[in-house]
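*Asks:* As a plain string of letters, each chain reads:
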Amino acid sequence: MADHTLDAKGLNCPLPILKARKALKDVPDNGTLEILATDPGSVADFEAFCRQTGNELVEHSENDGIYQFLIKKTA
Amino acid sequence: MSAEEKSMSIIVTKGSLDWAYPPFILATTAAAMGLPVTLFFTFYGLPLLLKDLKLQVTAAGNPAMKMPMMGMHMGLPNLLTAIPGVDAGCSVMMKNLIKKKGVASIEELREMAVEAEVRMIACQMTMDLFEYDKKDMIEGIDIGGAATYIECATQADINLFI
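Listed in order, the protein sequences are those of chains A and B. First residue of the first sequence? That's 1 in this note's numbering, and the numbers climb one at a time after it. First residue of the second sequence? That's 1 in this note's numbering, and the numbers climb one at a time after it.
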């Protein structure tokens with residue numbers, strides 16, 4: 001179970017990233033943030049976001065048009 | 001690679017609804033990714049700093065502009081784009097699309113840019129030239145000129161002109 005969940009469904013670029021950045025502020029160090037999104041571009045974007053910021057993209061999956069990401073706050 | 005070592009600047013020269021998107025999207029995203037960002041608003045980009053945004057698309061300036069309509073993409077013949085009311089109509093359509101597709105409004109992105117401490121510089125020369133007053137602009141902006149921008153650009157890793 002993630003420490004926080006962000007529902008970014010229905011939001012388009014760059015809102016899922018911007019809202020995730022904000023949500024990460026409330027996540028404790030080494031805690032996790034789960035993000036739900038419907039933007040197909042968010043897959044590449046969350047990978048890039050995590051590489052650049054030094055946070056860890058633990059897993060991501062897609063189910064019925066809903067993309068789920070789990071980010072561990074390591075930065 | 002540390003994000004803290006990288007920074008970005010953008011010269012913002014266009015102030016229509018469509019052209020306002022790239023600088024604000026890139027600025028907010030770069031800030032979210034840990035980069036200090038500076039936006040320099042000059043010429044027609046300057047009104048993007050006004051408290052009261054009245055943004056429109058200009059069909060006449062975008063001959064390739066097509067919008068989804070009745071299952072296809074429709075553009076306007078160049079001649080029709082000059083008719084009064086066409087820009088206003090296109091702008092309403094565009095704003096409806098933006099809402100429907102979950103795209104942020106420029107007002108929303110600008111607010112997020114302010115929150116993310118994106119540095120925004122209004123070009124002093126443009127303010128004089130087009131008679132804009134600082135009191136009509138949003139709080140927290142800097143005023144500067146070419147040298148102010150150049151100093152910032154020499155230190156930035158990414159310098160864009162939009």
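Heads up, some of the hints might be wrong.
Cross-link-like lysine-lysine pairs, in silico, BS3-like; alpha carbons within 30 Å at most [stated by the list, open to error]:
1) LYS95(B) x LYS6(B)
2) LYS22(A) x LYS101(B)
3) LYS51(B) x LYS72(A)
4) LYS51(B) x LYS22(A)
Interface residues of chain A toward chain B, partial, derived using beta-carbon atoms under 8 Å [stated by the list, open to error]:
5) ASN12
6) PRO14
7) LEU18
8) ALA23
9) LYS25
10) VAL27
11) PHE49
12) GLN52
13) LEU57
14) VAL58
15) SER61
It is worth saying that the hints were derived from the structure and are not from the lab. From the three backbone atoms N, C-alpha and C, an ideal C-beta is built for every residue, glycine too.
*Asks:* Would the stated hint for ASN12(A) survive a check requiring a Cβ distance to chain B of less than 8 Å?
*Replies:* Nearest chain B Cβ about 4 Å off; hint holds.
*Asks:* Does VAL58(A) pass the interface check with chain B, least Cβ-Cβ distance below 8 Å?
*Replies:* violated (19 Å)
*Asks:* Hey, does the LYS25(A) contact hint survive, CB to chain B under 8 Å?
*Replies:* Violated, about 11 Å.
*Asks:* Does PHE49(A) pass the interface hint, meaning its C-beta sits closer than 8 Å to a C-beta of chain B?
*Replies:* OK, holds: PHE49(A) within 8 Å of chain B, min 6 Å.
*Asks:* For the hint on GLN52(A), does the least C-beta distance to chain B fall short of 8 Å?
*Replies:* Hint holds; GLN52(A) Cβ to chain B Cβ min 5 Å, cut 8 Å.
*Asks:* Would you check the hint for LYS22(A) and LYS101(B), treating anything up to 30 Å between C-alpha atoms as holding?
*Replies:* holds (22 Å)
*Asks:* Mind checking the CB of LEU57(A) against every CB in chain B and telling me if the closest is under 8 Å?
*Replies:* violated (14 Å)
*Asks:* If you draw a straight line from the CA of LYS95(B) to the CA of LYS6(B), is it 30 Å or shorter?
*Replies:* violated (34 Å)
*Asks:* Verify the interface restraint on VAL27(A): the C-beta must sit less than 8 Å from at least one C-beta of chain B.
*Replies:* violated (15 Å)
*Asks:* Double-check SER61(A) for me: the hint is only fine if its C-beta lies closer than 8 Å to a C-beta in chain B.
*Replies:* Where the cut-off is 8 Å and the nearest Cβ of chain B is about 21 Å from SER61(A), the hint is violated.
*Asks:* With a cut-off of 8 Å on the beta carbons, see whether ALA23(A) makes it to chain B.
*Replies:* Constraint on ALA23(A) not satisfied, violated at 11 Å.
*Asks:* Please check whether LEU18(A) passes as an interface residue: C-beta within 8 Å of a C-beta belonging to chain B.
*Replies:* holds (5 Å)
Checked against the numbered hints given earlier, the structure breaks hints 1, 3, 8, 9, 10, 13, 14 and 15 and satisfies all the rest.
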